[in-house]
Amino acid sequence: MTLAPRAFLTGLAVLAAALALYPIVGTGYGVRAMLQLFMWIALAGSWNLISGLTGYVSFGHVAFFGAGAYAGAILIAKAGWPWLPAALAGGAAACVLALVIGYPCLRLKGPYFAIAMLGLNEVLRALTSYFEGLTGGGSGLSLPTLHATVPIYYAMALAAAGVTLLTYLIITSRFGLRLMTIREDEVAAEAMGIDTARHKLYAFLLSAAGPGVVGALAARDQGYIEPISVFPLATTITMIVMALFGGKGTVWGPVLGAIVLFVSQEIVWARFPYVHQLLFGAIIAAVVLLMPRGVLGLLQTKYRLPRTL
Amino acid sequence: MNVAVTPTMVGQVVISGILAGALYAMVALGLALIFGVMRVINIAHGPLLMLGAYTTYFLYAGLGLNPYLSVPVSMAVLFVIGALLQRTLVFRVVDAPELSSLLLTFGISIALVNLAQLAFTSDLRAVEYLTGSWGLGPFAFSKTRVLAFVFAAGVTTLAFLLLQRTRLGRAIRATSQSREVAMVCGVNVGRIHTITFGLASALAAAGGALIAVVVAVQPEMGQVWTFKSFLVIVLGGAGNYPGALLGGVLLGLVEQIASLFLTSQLSEVVAYVLLVVVLLVRPTGLLGGRQT
Amino acid sequence: MAAPVLEVDALSKHFGGVAAVAGVSLRLEPGRIYGLIGPNGSGKTTLFNCITGLERRDAGRVLFNGRRIDGLKPFEVARLGIGRTFQIIRVFPELSALENLLVVTDGPLAAARARALELLRFVKLEGLKDEYAGNLSYGQQKLVEFVRVLMRDPTLVLLDEPAAGVNRTLLNDLLDAVRRLRDEGKTILLVEHDMKVVMGLCETVFVLDHGEKIAEGPPGLIQADERVIEAYFGR
Chain L
1 MTLAPRAFLT GLAVLAAALA LYPIVGTGYG VRAMLQLFMW IALAGSWNLI SGLTGYVSFG
61 HVAFFGAGAY AGAILIAKAG WPWLPAALAG GAAACVLALV IGYPCLRLKG PYFAIAMLGL
121 NEVLRALTSY FEGLTGGGSG LSLPTLHATV PIYYAMALAA AGVTLLTYLI ITSRFGLRLM
181 TIREDEVAAE AMGIDTARHK LYAFLLSAAG PGVVGALAAR DQGYIEPISV FPLATTITMI
241 VMALFGGKGT VWGPVLGAIV LFVSQEIVWA RFPYVHQLLF GAIIAAVVLL MPRGVLGLLQ
301 TKYRLPRTL
Chain C
1001 MNVAVTPTMV GQVVISGILA GALYAMVALG LALIFGVMRV INIAHGPLLM LGAYTTYFLY
1061 AGLGLNPYLS VPVSMAVLFV IGALLQRTLV FRVVDAPELS SLLLTFGISI ALVNLAQLAF
1121 TSDLRAVEYL TGSWGLGPFA FSKTRVLAFV FAAGVTTLAF LLLQRTRLGR AIRATSQSRE
1181 VAMVCGVNVG RIHTITFGLA SALAAAGGAL IAVVVAVQPE MGQVWTFKSF LVIVLGGAGN
1241 YPGALLGGVL LGLVEQIASL FLTSQLSEVV AYVLLVVVLL VRPTGLLGGR QT
Chain G
2001 MAAPVLEVDA LSKHFGGVAA VAGVSLRLEP GRIYGLIGPN GSGKTTLFNC ITGLERRDAG
2061 RVLFNGRRID GLKPFEVARL GIGRTFQIIR VFPELSALEN LLVVTDGPLA AARARALELL
2121 RFVKLEGLKD EYAGNLSYGQ QKLVEFVRVL MRDPTLVLLD EPAAGVNRTL LNDLLDAVRR
2181 LRDEGKTILL VEHDMKVVMG LCETVFVLDH GEKIAEGPPG LIQADERVIE AYFGR
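Residue numbers (the working numbering), protein chains in the order written: chain L, 1 to 309; chain C, 1001 to 1292; chain G, 2001 to 2235.
Since the hints were derived computationally from the structure, they do not count as laboratory data. Be aware that a few hints might be false.
[To be verified] Derived SDA-like pairs (lysine to any residue); straight-line CA-CA distance at most 25 Å:
#1 K109(L) <-> V1094(C)
#2 K2073(G) <-> E186(L)
#3 K2129(G) <-> R174(L)
#4 K2124(G) <-> V2197(G)
#5 K2124(G) <-> Q2140(G)
#6 K2073(G) <-> L99(L)
#7 K2129(G) <-> D185(L)
#8 K109(L) <-> T2045(G)
#9 K2129(G) <-> R2152(G)
#10 K302(L) <-> L2125(G)
#11 K302(L) <-> I259(L)
#12 K109(L) <-> V187(L)
#13 K2124(G) <-> P2093(G)
#14 K2073(G) <-> T2045(G)
#15 K109(L) <-> Q1177(C)
#16 K2124(G) <-> N2167(G)
#17 K78(L) <-> S129(L)
#18 K2073(G) <-> R107(L)
#19 K2129(G) <-> T172(L)
#20 K109(L) <-> I2089(G)
#21 K2073(G) <-> P2030(G)
#22 K109(L) <-> P1242(C)
#23 K302(L) <-> E2126(G)
#24 K2124(G) <-> A2114(G)
#25 K2073(G) <-> L2063(G)
#26 K2129(G) <-> A2114(G)
#27 K109(L) <-> L1246(C)
[Claimed, not checked] Between beta-carbon pairs, the in silico distance windows are:
#28 A79(L) <-> L1084(C): 53 to 61 Å
#29 Y168(L) <-> M2195(G): 50 to 58 Å
#30 L12(L) <-> N2135(G): 25 to 33 Å
Even glycine gets a Cβ: it sits at the ideal position worked out from N, Cα and C.
Can you make the complete structure from the sequences, with help from the hints?
Shown next as structure tokens:
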């Protein structure tokens, strides 16, 4: 079956070329919209790495987005760093946070982990407001003006591609299989000699890098951040609904979910913010009840498609 | 920031902690029941409390009903809502992996909060019924908090009487221990699940009703209660109903004591750190309970 | 007498106020097949759990090849060379049969793959290697679980009710496999309710009742032991 993968890769290459050329022909609005879409792909895909593969639901994943945003913003605003290294530093900061939080929390069984992550959001928001000197507290942090929408577009695109590629590499490796055994039956996995604590931690770290990087990029793009803007529960909710809808545990599921829900959001729901959040809640409930493996997961089971889908 | 701590302060703080603790215990008992009976983690618990608060608000604003009289009304309304939620949605995930119930109740909680936003807007509402405080020797406690304690203690006592003395309560406890055995003994487990969810929602609603006179009522008010209820259960031991009492009081005490030394912002951090520490050190809770 | 592979020394485990395992001591020598029997609730699976680290014992010690392993995490115990199966089959349903075996190994993938295929051939399942384990029949899943335990080439194999729900032909294959493992020098301890299996396979049998070891010896003697009969058929 070498024809299908080759056709697929060619298709991907064409798409990549089209996306690369888009900023030249696209409107300002269009470029920003695509930029946002890439960000969501990176976020949903990252959430998928921990929650989709290991089954440990992270309800506080936006914490990494916010941590990256603040790390990057502080470096740009106070230390004069250029935005690209600052974005990478944001990713690193998020990983450090993941290590600090993950080390104790991943030892907890699934539901307790979820609860611990639920509270993380609020805690970080409180801490950010508290350390005003560094973060500007409630009044937020302003970055020096810079018109860099197009380069950030490319950076976000790379982040999205990177997360998707990372997911593919993990799912096709033994490491990925072991992550899945944690989801399937953690007790049996342990009994078979798999160090589940370490594997969960690695997955958690990997899942924090993406949000950290795009958080810093988003901060640069907005030019201004404050605690409420970078730690909103809505971001976690959106990440989750995108990955769930598209298919958690798959490679392209989060991408599909991000595209479908982001487009619908832009066209229909952004006008009615509470309706759209309400619908997200309903979609989460519906997916869990009717289509727990998401669209792609459903197709995978029904048509015996490979796991790399 | 560090003030000299006097014995009066300590006394004030301890009593305040207990006052708050009863409320935490009552709400958390609801969450404990849902977890104990159905093994479902109800993330929508806070929003249910919020709906109870709104019920009280509207009865007060629309009919002038004394908020303390509306406690049973809020409880009844939310009993029905909770039972409906269980009958239509939650029952499907009772046997599913815990991941499913987590996500489902998460989805429901988002839906409830946003429904409230749409229906009631995010304007802050207040039930200004009672102000001022009662003095007891050197101590002073706000009237609303004392009444909240009285009612919460009352409702919790009734709940425990229900659990310990009635046939329904026995059925609930039996189902918590072992669903299979309960079924064999003739318990209609499906009905018990529905009733339990209803009861738990009623307990949350009572919390909401009582807190409506103290804080501003708005759609997001419940979120922090979900988290704190979990903390109470973790402190007291999952599946251990009397443990919820101890956990509630403990949380109340810890918060009040922390507020002596830290700003209120950081007291949330304290609660969080406490949760993580307890989970790591004694995952079965301070009183010991069932593990998931 | 050879140095024991496993030594359980006065092991106790309580749940609430009830003693699931009360002061049990065992000694397993290498290259033999042992049986662990007793009425339901006598503590057999709990004993397994304490040996493999799934439960933390309240008192007593467990030594594997002379080294203390009580207190180790389950994955550490597994890596030292103890493998176990479960009473209720625990294959990974959304992984294929082959992946179920691969996932357990660390070394070079090619070697692991070769070994996995060899083991699947051993139980005549190589044709189903890419089938999701959750889609296999009960007996097939049992076999997958069995060979999965062998992937790490354990020294001691703990089998929890290997004969449960398995048809006669398959069972004979399974028992032959167990004998072959013994011939390779491995030690096997199995929990079983099927007395024919125990009598036909095991060289020494331990009997538990209410968490205590009440008898130990060759199957013939155990069958006739009064205490054993009482434990099973009531007082």
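Any of the earlier hints contradicted here, and which numbers?
Nothing - there is no hint that the structure violates, so all of them hold.
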